[in-house]
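**Q** Please work from the sequences and hints to get the whole structure.
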Amino acid sequence: MRFMKRWLRQIALQGLLLGVFVLGCSPRTTLRIMKPAAVDVSGIQRLAVLDFSGEDNSGLVVTSLFTSKLWQTGFYTLVERSELERILQEHALNLSGVVDASTAAQVGKMLGVDAVLLGEVLTYTTEDHTRTRKVKKKVWTGEYERDKNGNIIYEKTLFGGKVKKKKYREVLVNQKLLERDATVSVSFRLVDVETGKIRATKIQTHSTKATVVSGEGDLPTAEEMLHGLLEQCVDEFVSLLTPHFVEIQARFARSDEAVNRGIELAKNGLWDKAQAVWEAVVRENPQNHAAWYNLGLAYEAQGRFRRAVRAYNQAVNLKAKKMYMKALQRARQEVADQKRLQEQLQHRGEPAAESEGGSEQP
78 MRFMKRWLRQ IALQGLLLGV FVLGCSPRTT LRIMKPAAVD VSGIQRLAVL DFSGEDNSGL
138 VVTSLFTSKL WQTGFYTLVE RSELERILQE HALNLSGVVD ASTAAQVGKM LGVDAVLLGE
198 VLTYTTEDHT RTRKVKKKVW TGEYERDKNG NIIYEKTLFG GKVKKKKYRE VLVNQKLLER
258 DATVSVSFRL VDVETGKIRA TKIQTHSTKA TVVSGEGDLP TAEEMLHGLL EQCVDEFVSL
318 LTPHFVEIQA RFARSDEAVN RGIELAKNGL WDKAQAVWEA VVRENPQNHA AWYNLGLAYE
378 AQGRFRRAVR AYNQAVNLKA KKMYMKALQR ARQEVADQKR LQEQLQHRGE PAAESEGGSE
438 QP
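The opening position of the sequence shown corresponds to residue 78 in our numbering, with each subsequent residue numbered one higher.
Warning: the hint list may mix true and false statements.
[Unchecked claim] Ranges between beta-carbon positions, derived for each pair:
1) Pro-297 x Lys-253: 43 to 51 Å
2) Thr-154 x Glu-132: 45 to 53 Å
3) Val-290 x Glu-334: 49 to 57 Å
4) Glu-334 x Lys-211: 51 to 59 Å
5) Glu-308 x Thr-154: 51 to 59 Å
6) Arg-331 x Arg-223: 53 to 61 Å
7) Thr-285 x Val-116: 25 to 33 Å
8) Arg-331 x Val-290: 56 to 64 Å
9) Met-400 x Phe-236: 51 to 59 Å
For the record, the hints were derived by calculation from the structure and aren't laboratory data. As the structure is a prediction and not an experimental result, all values here were calculated from the model. Every residue gets a Cβ at the ideal spot worked out from N, C-alpha and C, and that includes glycine.
**A** Given below as structure tokens:
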């Protein structure tokens, strides 16, 4: 239930967030849509995160990040580390000694879990180097600016005085740069305890570079850079294993005064009122493709994906604009995704999302 409560709080805030995420003055908005776990997690409720291996304690960092981030989702019941260590010690096993799926499955049975998560930090490196580049720099020529009559030009100072205006020229000079490259690569495996088979496996790699001009600042520490990369890898793994929100950039379709009034309502997070405006427009003028498209956005923003498909389909039938077709494809995928999401929630005893009602017409 902890996962569902967190999800419902997110949904409740969505109307406000959609109003906040309007991009500039153009008719654009950001939709937040929940996606199901990308891998097959059916039957997995109780999970153990075993120690990842890796140099310089990188494996322990990943283990800690994984445990923390999975716990925050509320999607799994995690074995506490103290319990995990106690059981393994009773069986004379070492957390870091679990390296293959067969052994991991055996450990999982001892722990009474449905699956175990393990892996390895394959790459954990930084490299420092320096280089020079040519940059333009203004240097004083030793002369002063003069007017057309040959008189020296004066300019005001910040304090109201006057000084001779120096004459500059641009030259190319060498500038020394300090650079630090960091690369992290992490592999993970999700092992089904009952079958001993690997449910999911993936290797994720991320790199970053930091640059400063010599003498003008400090580079971030190697530890900071590497930790940030490890966190990126773990975040992506967690998204594979749990339902999660994604942000989708979308544009409104401008049209007549009524359609544009609905856009203003939607931009302020009032999607229900915008929906009512656009529904009235298409009832009066069923040929208004912009109103149908925007109505699809309103349905999509409120999680009514089947209705969004119908509205987008009407817009495409009236005018096959690329924006309309892209939205239709997206909504069709969301319908399929929501079916998988409901299945994942039901397997955990969570209440499934209510099915969408309504006829073909809004």
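**Q** With reference to the structure, classify each hint as holding or not holding.
**A** We went through each hint and held it up to the structure:
1. Pro-297 x Lys-253: 43 to 51 Å: 18 Å, violated
2. Thr-154 x Glu-132: 45 to 53 Å: At 31 Å between Cβs, range violated.
3. Val-290 x Glu-334: 49 to 57 Å: 54 Å, holds
4. Glu-334 x Lys-211: 51 to 59 Å: Given a distance of about 57 Å, which is inside 51 to 59 Å, the answer is holds.
5. Glu-308 x Thr-154: 51 to 59 Å: 23 Å, violated
6. Arg-331 x Arg-223: 53 to 61 Å: Between Arg-331 and Arg-223, where Cβ atoms are some 56 Å apart, the hint holds.
7. Thr-285 x Val-116: 25 to 33 Å: 27 Å, holds
8. Arg-331 x Val-290: 56 to 64 Å: 46 Å, violated
9. Met-400 x Phe-236: 51 to 59 Å: Since the Cβ atoms of Met-400 and Phe-236 sit about 57 Å apart, the hinted range of 51 to 59 Å holds.
Against the hints set out earlier in the document, violations occur for numbers 1, 2, 5 and 8.
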